[in-house]
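Peer 1: Sequence:
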Amino acid sequence: MEVKTIFTKRWFGFFFLMFLVWYPVTLLLVTMYEILLHPVFLLVGNIFTPLWILLVSYLYFRKARDDWSARFTTAIGWMAMFFLLSAVLAEPVYGYSWTSVFTWDVVNANWMNLAAILVGGVAAHKGTGREPTSSV
Numbered sequence: 014m015e016v017k018t019i020f021t022k023r024w025f026g027f028f029f030l031m032f033l034v035w036y037p038v039t040l041l042l043v044t045m046y047e048i049l050l051h052p053v054f055l056l057v058g059n060i061f062t063p064l065w066i067l068l069v070s071y072l073y074f075r076k077a078r079d080d081w082s083a084r085f086t087t088a089i090g091w092m093a094m095f096f097l098l099s100a101v102l103a104e105p106v107y108g109y110s111w112t113s114v115f116t117w118d119v120v121n122a123n124w125m126n127l128a129a130i131l132v133g134g135v136a137a138h139k140g141t142g143r144e145p146t147s148s149v
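In terms of the numbering used here, the sequence shown opens at residue 14 and continues consecutively.
Note that these hints are calculated values from the structure, not bench results.
Do not rely on the hints blindly, as some may be mistaken.
[Said to hold, decoys possible] For each label pair, taking beta carbons as the anchor points, the in silico distance ranges come out as:
1) I48 to K17: 45 to 55 Å
2) V135 to S110: 29 to 39 Å
3) R75 to Y36: 16 to 26 Å
4) T112 to R75: 30 to 40 Å
5) F25 to L50: 33 to 43 Å
6) E47 to K139: 32 to 42 Å
7) D80 to V53: 35 to 45 Å
8) P52 to G26: 34 to 44 Å
Every residue gets a Cβ at the ideal spot worked out from N, C-alpha and C, and that includes glycine.
Take these sequences, add in the hints, and give me the full structure.
Peer 2: Written out as structure tokens, the structure is:
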């Protein structure tokens with residue numbers, strides 16, 4: 014596996030598309046939940062994030078490598094970048110320390126997002142008639 018075949022402009026472009034839509038939407042949903050204390054905003058936020066990540070990863074993987082190393086590299090890379098950018102924005106946006114992003118509760122809550130990236134990668138090549146590529 015060559016890293017330069019995975020970390021391309023397209024890889025970063027899809028990540029930033031995903032993040033630049035996800036962050037303001039979830040910020041709005043969290044703000045509305047804190048103001049109105051209505052559980053529908055919490056529910057929508059918990060549904061929106063994995064579905065949005067699934068859609069973007071599906072669109073990305075339609076023209077990406079069809080192997081597990083690419084899927085895992087993308088999933089781990091995108092999630093690491095999610096955490097890093099969220100940590101950078103935690104204090105200016107929410108007033109929390111950047112370390113609040115790296116708690117076990119936050120990491121544990123994001124397993125579904127990692128799974129959504131992997132599922133998007135599998136679904137993008139399901140039924141295309143292409144044989145999976147070998148990592149050998």
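Peer 1: Check the structure against each numbered hint from earlier and tell me which ones fail, lowest number first.
Peer 2: When the structure is compared with the hints, none of them turns out to be violated.
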